[in-house]
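Trainee: Residue numbers (my numbering), protein chains in the order written: chain A, 142 to 248; chain B, 591 to 1153.
Since the hints were derived computationally from the structure, they do not count as laboratory data. Bear in mind that the values here come from a model prediction, so they are computed numbers and not experimental data. Check before you lean on any hint, since a few could be wrong.
Once the Cα atoms are required to be at most 30 Å apart in a straight line, the calculated DSS-like pairs of lysine-lysine come out as [to be verified]:
#1 Lys900/B / Lys222/A
#2 Lys222/A / Lys680/B
#3 Lys222/A / Lys1080/B
#4 Lys222/A / Lys876/B
Pair ranges (Cβ atoms, derived) [unchecked claim]:
#5 His169/A / Glu764/B: 23 to 29 Å
#6 Gly196/A / Ala791/B: 48 to 54 Å
#7 Ala773/B / Glu233/A: 21 to 27 Å
Calculated Cβ distances over 12 Å to all of chain B for the following chain A residues [to be verified]:
#8 Pro170
#9 Gly178
#10 Glu188
#11 Asp197
#12 Ser201
#13 Asp210
#14 Glu214
#15 Gln215
#16 Ala218
#17 Gln219
#18 Gln224
#19 Asp225
#20 Glu233
#21 Glu248
Ideal Cβ positions, reconstructed from N, Cα and C, are used throughout, including at glycine.
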Amino acid sequence: MLKPANDNPPPAARTDGRAVLELTVANHPGVMSHVCGLFSRRAFNVEAILCMPVGDGRQSHIWLLVHADTPLEQMVAQLLKLQDVFSVRRHEAAHDVFVRLEEYFRE
Amino acid sequence: MFNLTGAEIIVGLLERQGITTLAGIPGGCNLPLYEALARCGRIRHILTRHEQGAGFIAQGMARVTGAPAVCLATSGPGATNVLTAIADAKLDSVPVICITGQVPRAMIGTDAFQEVDTYGLSIPITKHNYLVRSAAELLEVIPRAFAIAASGRPGPVLIDVPKDVQLQRFEFTEWPAPGQPAAPPAVDEAAIAAIAERLAAARRPVLYVGGGVVACSAGEQVRRLAERASIPVAMTLLGLGALPAGHPLALGMLGMHGARCTNLLLEEADLVIAAGVRFDDRATGKVREFCPHAAIVHIDIDASELGKIKTPATAVLASAGDALAALLPHVAADERPAWRGRLESLRRDHPLRMDGCDDVRTPYGLIVQTAALLDDEAIIATDVGQHQMWVAQAYPIRRQRQLLTSGGLGTMGFGLPAAIGAALAAPDRTIVCFSGDGSLLMNIQELATAAEENVNVKVIVMNNNSLGLVHQQQELFYQGRLFACDYRLKVDFCAIAEGFGVPACDLGTAADPRARLAEALAAPGPRLIHAPIDVNEMVFPMVPPGAANRDMIGGATHVEACK
C-alpha cells in the first residue's frame, strides 16, 4: 500500500525503524508503474516516494521511504530484478531528502 | 542500407533470432505485422482459435526446446486473452516473447476501439515489458527481449507495438546482433567449499531439485552428485525428470501429493541441498515445519529467491548446473549404508499406493499402461487437476523436458495447446496430453488447430464429469458438501472431437480398452481418447492445505506398489 507521508505525528518524528532507498532508473513512462506495482504486489510498505529526472533526462532517481522492519533485503533483491532499475542505494532514514520535504506537507 | 517498416523490422529480427514457427491471431491493430509475415513467407504461422491457445503453444515450444518462442495477439481482447498464458510462463519461468498490436500512438489514452492498457496489465506478469514508441526502437527492443527472456531465470517478455509504429518506415545500415542469453553468474568457490564441508559432515542429506535444474539441463550433475555421495533426490512437479524415475535414489515428487516415503524421508533429513527451487507451498507444506531437522543449502540463479521463504545456512547465486558441477570435485564417495537402508525401509513400509495399475479403466492403470505403450522419447503434457497429480505420481518421467505441466499458476486449459506447441517443436515425437473433462473444455477449441496442423497429439481425457480436485477438497475439507463441482450435462467428447476433425475412441465402451488405447497411440496425427473414471477416485496421499508434509491423509494401507 502506498501511504501519504503526512500522517500524524509528522514525518521527522518517526524516522525510527525506517530507511531511505535511492534508485537510479531508466526515465520512461512505465518506470513508476513498475516500481510502485512491485511494492503493492509484494505487500511491502512505502511511506513516501519522490521521483525526478537527473542528468540529460535519460535516467531518474526515485527516493523511497520504507519501513526497515519489512524484509528490506528481499525488497532490494526484487527491485534489482527490474530491467529499468540500474542501482539501489540504502540510506538511513534521517537522510535530508524527506526531512527537508517536510515543510511542504505541514497542514 | 535498409528502408523498412516497423512490421518488416519485427519479422526480420524474429527470423534472425531463428524463429521458424509462431502462433497467434490477427486483428485490426496487428494487421501490418501479419502483412509483413505474409510477404516474408519463411515463418510458419499457426492460427489458433483463441489467443490463450497461441500463448500456450509458444510455451509448449519453449518448454520442449528451452529457447524463447513467440506468440502474437492484437490489441484489446487479443491482449487480455493471451495474458493468462503469459502469467503462467512467468510463474514457471518459461521464455516466451509475446508481441501485441496496440492502437496508433495518437489514439492511446482515448479509449479507442479495442484499446486496453496492455503495458500496465502485463507489468506484474512478465519478466519485462515494452511499449514501443518508434520503429527505430524495435532494433534495440526485440533482441533485448530475447536476451532478457532467456537470461538467468527465464521468463516471458511482452512487446506492445502501436499500429502506426508497425507502419512507420525507418532507414538503417545494419541489423543488430540477435539477442543471446547472458552468461550465468560465476560460482562462489568459498560457498561451494562450505557446502562440501556440510555434505561431508551430514549423515542424512537430501537433494531437493526443481525447474531451475531442468532449465539449465543439470540432470546429469544431479545424478553424479547423488550417486557419488548417496543422496536421495526429491523433485518438485517441474523438476520431475531431473533424475530418471526408477533410479534407486529418485524419490519422485515431494509435497502435497508426494509419496509417503518421500515426505517422511525429508522429515528426517539433516541437510537439504535445494537446487533450482523456490520453496513453493505445494512442495514444502507448512514452511516452518519443512525438513525441521535439516540445515538448508540453497542454490538458485535468482538472487531474490535466496532467503525469500527459508533462510539458508549457505546460499549460492548460480545456475544449478554450474554450482553442482563445481561441487562435485569436492565430494568424496560415500555409501551411507544407514541412510540408504532407511530409504529402503520407508519405501517398503510407505510406498506410493497405485491401486488398479494393471487395469486401464482406473486412473493409475490408464497412466501406467500408457507409459508401457510408449518409450522415453514421448513427451507428456498435462492439464491441471487430479489427472495432473496422478501423472506426476505414476508416469515414469525419465528425462528433462519430458513433462510439460502448469505448476505455479496451475492453469486449466494448458495441456492441449502446450501439447500442440510441443508437437510443432518436436514433430518426430509422440505427444500425449493427459487432460480432464474440466480442463479440456477450457481450451477445447484448439482441437481445430490440432486437426488443421495434423500434429501428433494424443489427448487422453480422464472424464469424471466433475471438477475432480474441487470435488475431492469439498469431500475432505468441507464436510462433503458438494457444490458446483459436478456437471449435470454429460458432454460427448468423442462426438465433439469428430466434429473438429479429430478421430476419437472411447475406452469406456471398448471390449479391449488396452488394445484400443494402443491403437490410438500408434496412429499418426491427432487423436482423442476418452477414458471415463470414477468421480469418487481421489488423489492420495494428500497434505491438507496449510498442514506440515508429515500430516498426510490417505494412501496409507500397505498394498504392493506397481513395478
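Trainee: Hinted pair, alpha-carbon criterion (30 Å max): Lys900/B, Lys222/A. Please report holds or violated.
Mentor: holds, 20 Å
Trainee: Is the Cβ of Ala218/A more than 12 Å away from each Cβ in chain B?
Mentor: violated, 4 Å
Trainee: For Glu214/A, is the shortest beta carbon distance to chain B beyond 12 Å?
Mentor: Non-interface label on Glu214/A violated, nearest chain B Cβ at 7 Å vs cutoff 12 Å.
Trainee: Glu248/A clear of chain B by more than 12 Å, beta carbon to beta carbon?
Mentor: holds, 33 Å
Trainee: Is the claim that Gln219/A lies outside the interface with chain B correct, judged by CB distances over 12 Å?
Mentor: Its Cβ does come within 12 Å of chain B, the nearest being 5 Å, so this is violated.
Trainee: Does the Cβ pair Gly196/A, Ala791/B satisfy 48 to 54 Å?
Mentor: At 52 Å between Cβs, range holds.
Trainee: For Pro170/A, is the shortest CB-to-CB distance to chain B above 12 Å, so the non-interface label stands?
Mentor: violated, 8 Å
Trainee: Using Cβ atoms and 12 Å as the threshold, tell me whether Gln215/A really stays out of contact range of chain B.
Mentor: violated, 6 Å
Trainee: Run the C-beta distances from Gly178/A to all of chain B and say if the shortest one exceeds 12 Å.
Mentor: violated, 5 Å
Trainee: Asp225/A: least C-beta distance to chain B exceeds 12 Å?
Mentor: violated, 8 Å
Trainee: With d taken as the least Cβ-Cβ distance between Ser201/A and chain B, does d exceed 12 Å?
Mentor: At roughly 17 Å from the nearest Cβ of chain B, Ser201/A sits farther out than 12 Å, so the non-interface label holds.
Trainee: Is the straight-line distance between the alpha-carbon of Lys222/A and that of Lys1080/B 30 Å or less?
Mentor: violated, 48 Å
Checked against the numbered hints above, the structure violates hints 3, 7, 8, 9, 14, 15, 16, 17, 18, 19; every other hint is satisfied.
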